[in-house]
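According to this note's numbering, the sequence shown is numbered sequentially starting from 1.
A couple of the hints might just be wrong.
[What the hints assert, rightly or not] Distance ranges between label pairs, derived from CB positions:
no., residue 1, residue 2, range
1, S1080, K865, 46 to 52 Å
2, P725, S630, 31 to 37 Å
3, E430, R56, 28 to 34 Å
[What the hints assert, rightly or not] Computed cross-link-like contacts, SDA-like style, restricted to lysine to any residue with a CA-CA straight-line distance of at most 20 Å:
no., residue 1, residue 2
4, K20, P148
5, K538, R548
6, K975, S710
7, K440, I456
8, K609, V622
9, K904, P862
10, K633, Q605
11, K376, I456
12, K794, P810
13, K231, I242
14, K562, S710
15, K804, S837
16, K669, S630
It is worth saying that the hints were derived from the structure and are not from the lab. For each residue, glycine too, the CB sits at the ideal point set by N, CA and C.
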Amino acid sequence: MFAGTEIDRRHEDLGEILAKVQEDLQQLHDHIGQKTLSDGTRELIDLRALESAIERTQQGIKTQTENVLHSANNQVMTLPALDLAGAKHQLPIASQEALYDLHTGQKYELSKRTRRHTLGIAERDFDKKPVPRLTKMEPVQNMQGPSPGQQSKYAFNMRAVHDPTNSQNRDVLSDTYGVSLPAIVDKRQNKVPVQKVNTGSTVDHLAVLPRANRVDPSLIPPPITEKDAKKGILSLLERGLIPPAAELTLDPSPVRHRMIELRDPAEKKEQKGPAPAIGDGTFNFASVKMDLQSKPADTISLGSRSRSAKLPSEKDGESTWGPGSPRSRMASSAKSGRSVVPIKTHEGPLQPLPPPTTPASEFKHLSHRFAIQHGKIRDQSQDFLAFKQHYCLSWGSIVTMLQYMERMLQNYAVPLAFINGDKLADLSLEFELEKQPTVKDLLSVIINIDDVEAIIKRPGRRFLGPDGEHVAATKIQATWRRYKDRTAYLEYRRKKWAAGVIAISWIMNVKLSKIRKQLKATRLKHLDSFRERSKKLKANWDRIQKSRRVLIHLPSLGYSQKIRDAVKDMNIRQNLQMARICDIGDPNVEVIYICPVQVNDETLQYYAKLMGLKSAVSSGNVDDQIDVSSRYKIIVPEASNRFPSHSMCLATLLKYSPKALQRIQNLIKGREAYIVPGVLHKDDLSVADILDIPLLGPEPDIAQLYSTKSGSKRIFASANVEVPPSEYDVYSLPQMHECLAQLVTENLDVKRWLFKLDDEFDGRGIAYCDVTTNLKCYPWAKKEEQRYGEKWKKKWAQEAAFIKIHAEIPEVIAKHSKPVNTSVFPTWEKFLEAFLSQGGVIEACPPSDSVTALSVDMLIEPTGKISVISCGDQIHAETPFMSWGISVPQSSVEAAVLNDTCNKVGKACHQRGVIGYFTVDFVTFIDGRSMDQKLWAIDLNLSYGDSIAMSQLMLYVTSGKLDTKNCVLEVPPPKKEKKTKRRSRWDPEEPEAPPNINRFAVMSTRLLHTNLAVVHYSVFFQMCRAHGIGFDIKEKQGTVFTLIDSFKREGIGMLTIGEELQGSLATFARNLSVIHQEISAPNMQGQTNFKAAIEDIEGILGTTIQNVDRAKQEAEERALERDKQRAAEISAASN
């Protein structure tokens, strides 16, 4: 679009035009001067002739200027390198230089004179630098006299040669005579001050007041020195030397007032745009206004003219660029460097001036705007031509950027876009040697960017351009190829992912299989070692019991992971048996207690004092307490807090605690020791194998099998003890319906039936259903039972009733079954799901309103000896199936019957390889038909129970003995004090009543009250002492506490001992009431089971009182009958 043209005209054409202009102006001046009349008046001047002459001048100059600029702007000129250092020795020989067209690629040869004419603008920028001559001077031949233009140029050159201050002096000497003058640069005038960039803070730090004044503002501030005053008022204010509320007056004032001269708006002249500049840019002849009045002086001074009235071009220049612009500085420096030169108006023709220049660096801030319509530049518009002329020196890179802009606007069919030329020029410099500009970069130079961007972002706009169909086809093909390749890649990635998953799964499966095999082999090895050590323990048991030994108590609850996850505060639950350390009551025993929770100093001090009471209790003197803390150690595994979310049992935590194991090994080194476990787990065997000591307990698999409800039924069945009507190993719903229907048919007197989960404990997995009260066929079945009488036990007699009951059982169970513990199983559906998944038993509830549950703790020694450790009646608080405490000894069943039943159960357990501690639960009631007392065995727990630990505490603080054969707790009688009072010889000796050595105890480890957490243990014991809650060492009765948790402090254990069961129960209830009242407020009752325990104890006390009154009444009746019989015998003998 921008084709270069060959320069075939010499620059003398422009000089001729300027000479003609000067001649026309001179003639015009003479003509005007002759029009003056003799009387001083002037004749009218033909303005049309003047305007036509000026117009012709301007048109000729404009045409020639555009031709020269057009040729220079559309061609790339190859300039030689300006090597100042080697310019003296490397002067080029060629006298011509090449020009290249951007579009056609043609090469043109440009002579020296043409080059000087074309590059006049660019060379003028180097007038202050020493540029060596790069071409030869060739003599001009066959010259036939100079033309008028050449003569004017020669005169101009001569004037420049004679004037060293002329800007053309060096160029003329260099071009004409080949003389290169040294560059003399006035650094003071031409040096542009370079602003140094300061980094960091440019402000000095403000001074700080002394520390004394900052601390105490009332002190007198330090005096103000002259140095402080020079820092300014702000510094003084910041330092506090001047109060913030002080009124300041600056003298002299920094603001100076001056009157301003107001102009009349009518005097405002119309400002016209500057005419095209001619010459060197400092003086515009086209805007000269001719003065029609003759002046007496023949010469006109340029200095006076400039002082009297500024030329329009100068005014415009100053208003546009300002006094600090490069243009104004250049003009001021030029005026200051030259003296006033007078110009005569009547002398020879004016000399031609150099061609006009447009230095781009001085107009950079001007705004050039032009339009691109339908992807084409309006190249003939005035705005674009002005922009083109302004950036003529860097037009090559701008052309490339314009091509990118046109191409983008054509591609998106943008109808109209307004371009900011200055931003476009800056963008072209940025991307001149780099990659192509992006659409975002091109949009940044568009003025109406919002409209253009909205058009570009419109869907499908790219396809409206000239090659829209081709682009659309390419887009469709690319999209299809991308979709096809993407689909194939996704399929490949899915297969690769699947292959990776399969490979990883296979690798993990192989590794897990290997680990399982290794674990299985390790556990088999532990089991073999356990059996070997058990045999050695059996052989040496009698010797070990008589010698000094160490008992390692490990109160671990090795239930299944599912149950452990459901138990709240698992570690606290495992620490309910802190009373195990009371085994040190045997002088040959030392205890290592593994504690699952951290123990603070307050708790350690309490147990140290409690254990020291043994000697004081034996002697009856409080001062005889001794420190026995060396005989027991409380060890907390370091892994107890490292697995808070895994609900691990204590044996597993100890297994992963090497420091605790090392300490235990050091304590038992060279001594007889064995482990007393809790609920056995496989990790108990691992711990025993690491410590290389035996374990007093059965194999974990045997313990877990026979501790279930179904397993205990097998033990009771083999022991031939009386059990409630039941079915065990129930795993399906049809089996449940069938078994329950059969049980109901055989036992029509039983109203309530219980469903018990195999693996649950402590009354958690129990549900009940009142079947007979909801059976429609129950009256008919009852009549059938009465009709058959003794034959009702035959299956054929029950068949009809069984069919009807079996048909109604599913509906009755679904509607009327309820879980006991709704916190674990909120609905029957949840309970039924768990029941069918792990199995359970169906059991009859005792058909009586008065039912007593009792527990018997037993020990099977490795030698096979069976002994009863303790026995007691259970106390239920929340539900009749959940025990929270026990009263020792039991008083509900005859001791002989209970011991005989327990021995049978013990033998059955020993036959199945059970050794160690275990607990048997019974229920007793009066049968309504036979009026006999029934004793049913209902549960079996093959573990060390809480009641065993509390019984050891009871025996420790009383020094008593529990006679399990007679179910009596006896304590040694208190020692008699010697009386110093003299007794008269004649006074009769009063017989002393024998002391009561029988005791009853009420104990519990599951007392919960959330308000206990706000009271420290020291304050708690002071409160108890204030209310008389304590233990009497002499009488061996009172209250003892066990501290379970040192962190939450919400649960405690309590033991009360008294001479009578009613008194012990009443003391226990009173203690609970006092503690609740002391730690609770009306608006902060807390969560507790104290109230339910008190209510249950009150019910037991009422029943006990009734039983005592009934017993007294029966004794009185028997005594009265004996008296009557004796009186009758006496009367008969007398007769």
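Worksheet item: What are the numbers of the hints that this structure violates, sorted from low to high?
Response: 2, 3, 6, 12 and 15
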